[in-house]
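**Student:** Line order of the protein sequences matches chains A and B.
Per the UniProt record's numbering, the first sequence runs over residues 1 to 359.
Per the UniProt record's numbering, the second sequence runs over residues 1 to 400.
It is possible that part of the hints are untrue.
Said to hold, decoys possible - Here are the in silico distance ranges between beta carbons for each label pair:
id: 1; chain 1: B; residue 1: S228; chain 2: A; residue 2: K229; range: 38 to 46 angstroms
id: 2; chain 1: A; residue 1: A329; chain 2: B; residue 2: L366; range: 56 to 64 angstroms
id: 3; chain 1: B; residue 1: A299; chain 2: A; residue 2: K352; range: 34 to 42 angstroms
id: 4; chain 1: B; residue 1: L366; chain 2: A; residue 2: F316; range: 24 to 32 angstroms
id: 5; chain 1: B; residue 1: E281; chain 2: A; residue 2: K253; range: 45 to 53 angstroms
id: 6; chain 1: A; residue 1: D320; chain 2: B; residue 2: R384; range: 25 to 33 angstroms
id: 7; chain 1: B; residue 1: L209; chain 2: A; residue 2: Y335; range: 34 to 42 angstroms
id: 8; chain 1: B; residue 1: S228; chain 2: A; residue 2: S170; range: 46 to 54 angstroms
id: 9; chain 1: A; residue 1: K237; chain 2: B; residue 2: D175; range: 56 to 64 angstroms
id: 10; chain 1: A; residue 1: C301; chain 2: B; residue 2: E180; range: 46 to 54 angstroms
id: 11; chain 1: B; residue 1: D382; chain 2: A; residue 2: H257; range: 31 to 39 angstroms
id: 12; chain 1: A; residue 1: V232; chain 2: B; residue 2: E281; range: 26 to 34 angstroms
id: 13; chain 1: A; residue 1: K253; chain 2: B; residue 2: E179; range: 49 to 57 angstroms
id: 14; chain 1: B; residue 1: P97; chain 2: A; residue 2: F316; range: 50 to 58 angstroms
Stated by the list, open to error - Cβ-to-Cβ under 8 angstroms is the rule here; a few derived chain B residues that face chain A:
id: 15; residue: F77
id: 16; residue: F168
id: 17; residue: N369
It should be emphasised that the hints constitute simulated quantities derived from the structure, not laboratory data.
A virtual CB, placed ideally from N, CA and C, is assigned to each residue, including glycine.
Single-letter residue listing:
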Amino acid sequence: MLPGLLQQARKHGVLCRVPRLTAAIRGFASAQSEMTVRDALNSALDEELARDDKVYILGEEVGEYQGAYKITRGLLQKYGADRVKDTPITEAGFTGIAVGSAFAGLKPVCEFMTWNFAMQAIDQIINSAAKTLYMSAGKISCPIVFRGPNGAAAGVAAQHSQCFAAWYSSVPGLKVLAPYDSEDARGLLKAAIRDPDPVVFLENEIMYGQAFPVNAQVLDKDFTLPIGKAKVMREGKHVTLVSFSKMVGYCLKAADHLSKEGVHCEVINLRTIKPLDKATLLASIKKTHKMVTVEEGWPQCGVGSEISALMQELAFDELDAPVLRVTGAEVPMPYAANLEAAALPQVDDIIKAVKKVLG
Amino acid sequence: MQTMLKQHSGFRAAQPGRQVVKVRAVAAPLKTATSAPAKAPLVTPEVAKDLYYDMVLGREFEEMCAQMYYRGKMFGFVHLYSGQEAVSSGVIRLLRPDDHVVSTYRDHVHALSKGVSAREVMAELFGKKTGCCRGQGGSMHMFSAKHNVLGGYAFIGEGIPVGLGAAFQSKYRRDVLGEETSDSVTCSFFGDGTCNVGQFYESLNMAALYKLPHIFVVENNLWAIGMSHLRATSRTSGDETPYIYKKGPAFGMPGVLVDGMDVLKVRQVAQEAVERARRGEGPTLIEAETYRFRGHSLADPDELRSKEEKARYQARDPIPQLKKYMLEHGLATEAEIKALEDKVAEVVEDSVKFADESPKPERGQLLENVFADPRGFGISEDGRYRYQQPGFSSGTAIVS
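Model the full structure from these sequences, guided by the hints.
**Tutor:** See the structure below:
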C-alpha cells in the first residue's frame, strides 16, 4: 500500500509533498517509540471508528485521496465508503449534513481541508452546532468534531494561513482544542470524538510530519486526555510561557536557549483553548509572577488578550510585570518567504519578550 | 413522475397586465349540478377531519399570536403562517413520529402539525419555562426531540443541510448499522427567498448524490419580506416567470409544482414523494404555490403587496375550500365541522391561559444547556470544575 501511495502522491502533485510523506512512512515504521502527529491522528480516528459504529468521517478528499494531508490514510479501505465519505466542494452543505446527522444521533467527524475553508460553513458551526443545545433547552445535542489544519503553513499566503483559535473560542457551546505533539493529538482527538458537545479541533499542517516519543499508555486504544486541562511541558521559576499548537515547540526551544543564560521558563501547553484551564495558569503565575503568551494569530482580541485579561483580573497582585503577548503581525499573511517569517513569531521573538518582561 | 409533473394548477399573476389563469379547485364538478355525481373523495373522513382540525388549529393559533403580540405578551420577531396551512397540514400530517421536520423562522405551525402541543408552543412564545424549549429558543427556534422537530432556523437556507443530515442518519442506520426497517424521511420547509441561497443548491446536489430520503418543500408565497420573487429570481431560459420546481431535475430529482392552497393536492404530491423516499429512490423537490395573509412578520407594515393580490388569495383560503369539499363529499357534517372548530378554540384559549399562568425561567437557567457535558465550562481558579462551584448556575450575566 505504501509504495502505491507514493505513486499516487507523485501523480497528484502539490498537496502530497513527497519528502514529508517519506518522513511519515519512516515515522510509521518505528511506531513503537516514536510516532508522527499524522499517524497519531490517523490511529485515533481508526480506533474510534472501530469502537463506535455511529462515528463516521466526511470531508473533501478524505476517502479515495487518502486525505488531503493523509490524515485519513487507509480508513476508506478499512471502513468503506459509507463511513468515510468523500464530499463535493460544498462546505456549508456537508457541514450542515454532519450537524443534522449529529442532532439525529450519529457522531460525525467533519474534516475541513483547512480551517480557512470552514468560513464557508461557519453558519452551520456556530448557529446550528454551537447554539442548538441551548435553543432546544438541552433536548437536541450535537456530538460532532470539526477538525482540520489551522494557522500558517509554508508559503500558502493570505487566504490559507489564518489562525481561527480566537474566533471559535469566543463562542459559547463550542469546545476548542489545539494539540501540539502526538500524545496531544491522540488523546485530545479521542476525547473529542467521545465528547457529547461540538468540538473545534485545530491541527497544524507543519506539525503533521513531526515525530514525538509515545509510550504504551499513549498507544492504548482507550487513551484520552481531559478536555479543559493544560499541560506543564517544562517547569521553571522565572517566567511562564503560555502557548498552543506549533508555538509550544518554539517556546520549548526558547526555554532551552534561555536556560543556558540562567533564565528558567515554565512552558504551558494549553491543549484546550476553550475552556481555558485557569487553575494551571494561576498556579504558574503564583510561582513565576511573569507571563508571556505566544500565538500565531493576530493580536487584537486574540487568545493572549483573553489570558492577559484573566491574569490581571484574577492575579493582579501576583504580577511583577504586565503580561506580554507575542503574536503574529497584524497583516494578512504575505507570500514572500522572508516576509512570511517576519509575520510569524520566531524563537528570537519569544526570547526578546522574555527578556523584556524580566526587565 | 409524469403525473407529478403535470399536477399544476392555479397560477399566480402577481403583476398587473399578466393573464390570470383560472384556479382549478380541488373537486370542481365536471358538469353542472344536475348531471353526473362528483368524483369519489380523495381521502377518508378521518383523514379529512384530521386535516381540517390541523389547518384550523394552525390558523387560530397564529391569529391568537397576533393578538398576544400586540398585547405585549409576545415579543421579538414573530412570523405568522396564516394562509399557508394547506402545506403544513398536507405534508406533515402524513408523516410518522420518527420522521423529521426542519423549518425556518416561520415554524409555529410546522411544530403544531408535527404534534408539539399548543400549550408548549404558546408558552415558548411567551418566554416561559414550560415552553417546548423552556423559553430559551423563542418563536424562531422551535425544537422538539420527542416529535423530531429539528428547528426553527433564523438564517434561511441553514436548516436545509441540517434536514439532509437527519435524512442521512436514516440511510446510515440502514446501510451501516444494519437496521433494515430504517426508512424514516425528513421534510425541510422553506420559502421562495431561500431558493436563491447557496446552501439550497449545495443541498439539492448532495441530496441527489447521496440519494437521501429528504423532501424539499418550497412554500412559495411570492414574497421575501418586501422582495418579490419575480424581482429576485432569474428565469430558466425560455420561461416567462421563475419556476423553482424546475431546479429539481437539473440536479437529478423530480420537481413538482402544486397548488399550495389546496390541502388535498398537497397531500397527494407529498404522499408520492414520501413513498419514493422510503423506497430508497431519493429526494424530491416540491414547489407549493401559497400565500401568507399577513406580513412577513408582525413588525412588517406590508405595504408593497397589492390589495388585489391579497384578495385573490383570500378567495382561495384553504380552510373554506376543504370545508366545502368535506360537505360535498359527505366526509363530515356541519355539526362535526363545528365541533372541530370549537375544539380548536378551546385548545387555543387553554394554551394562552397555560402560557400566561406559567412561570418565567429562573435566573439560574441562564447558564444551563450550553454544554451537554458541563465540564465544558472549564476549570476554575481553585482547580475544581466551574459547574461544581456552589451557586454556579445562579450567576448573573457577567460570568468570567
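**Student:** Each hint: holds or not?
**Tutor:** Structure-based check of all given hints:
{"no.": "1", "hint": "S228/B - K229/A: 38 to 46 angstroms", "verdict": "violated (56 angstroms)"}
{"no.": "2", "hint": "A329/A - L366/B: 56 to 64 angstroms", "verdict": "violated (39 angstroms)"}
{"no.": "3", "hint": "A299/B - K352/A: 34 to 42 angstroms", "verdict": "violated (56 angstroms)"}
{"no.": "4", "hint": "L366/B - F316/A: 24 to 32 angstroms", "verdict": "holds (28 angstroms)"}
{"no.": "5", "hint": "E281/B - K253/A: 45 to 53 angstroms", "verdict": "violated (60 angstroms)"}
{"no.": "6", "hint": "D320/A - R384/B: 25 to 33 angstroms", "verdict": "holds (28 angstroms)"}
{"no.": "7", "hint": "L209/B - Y335/A: 34 to 42 angstroms", "verdict": "holds (36 angstroms)"}
{"no.": "8", "hint": "S228/B - S170/A: 46 to 54 angstroms", "verdict": "violated (39 angstroms)"}
{"no.": "9", "hint": "K237/A - D175/B: 56 to 64 angstroms", "verdict": "holds (58 angstroms)"}
{"no.": "10", "hint": "C301/A - E180/B: 46 to 54 angstroms", "verdict": "holds (52 angstroms)"}
{"no.": "11", "hint": "D382/B - H257/A: 31 to 39 angstroms", "verdict": "holds (35 angstroms)"}
{"no.": "12", "hint": "V232/A - E281/B: 26 to 34 angstroms", "verdict": "violated (58 angstroms)"}
{"no.": "13", "hint": "K253/A - E179/B: 49 to 57 angstroms", "verdict": "holds (53 angstroms)"}
{"no.": "14", "hint": "P97/B - F316/A: 50 to 58 angstroms", "verdict": "holds (57 angstroms)"}
{"no.": "15", "hint": "F77", "verdict": "violated (14 angstroms)"}
{"no.": "16", "hint": "F168", "verdict": "holds (5 angstroms)"}
{"no.": "17", "hint": "N369", "verdict": "holds (4 angstroms)"}
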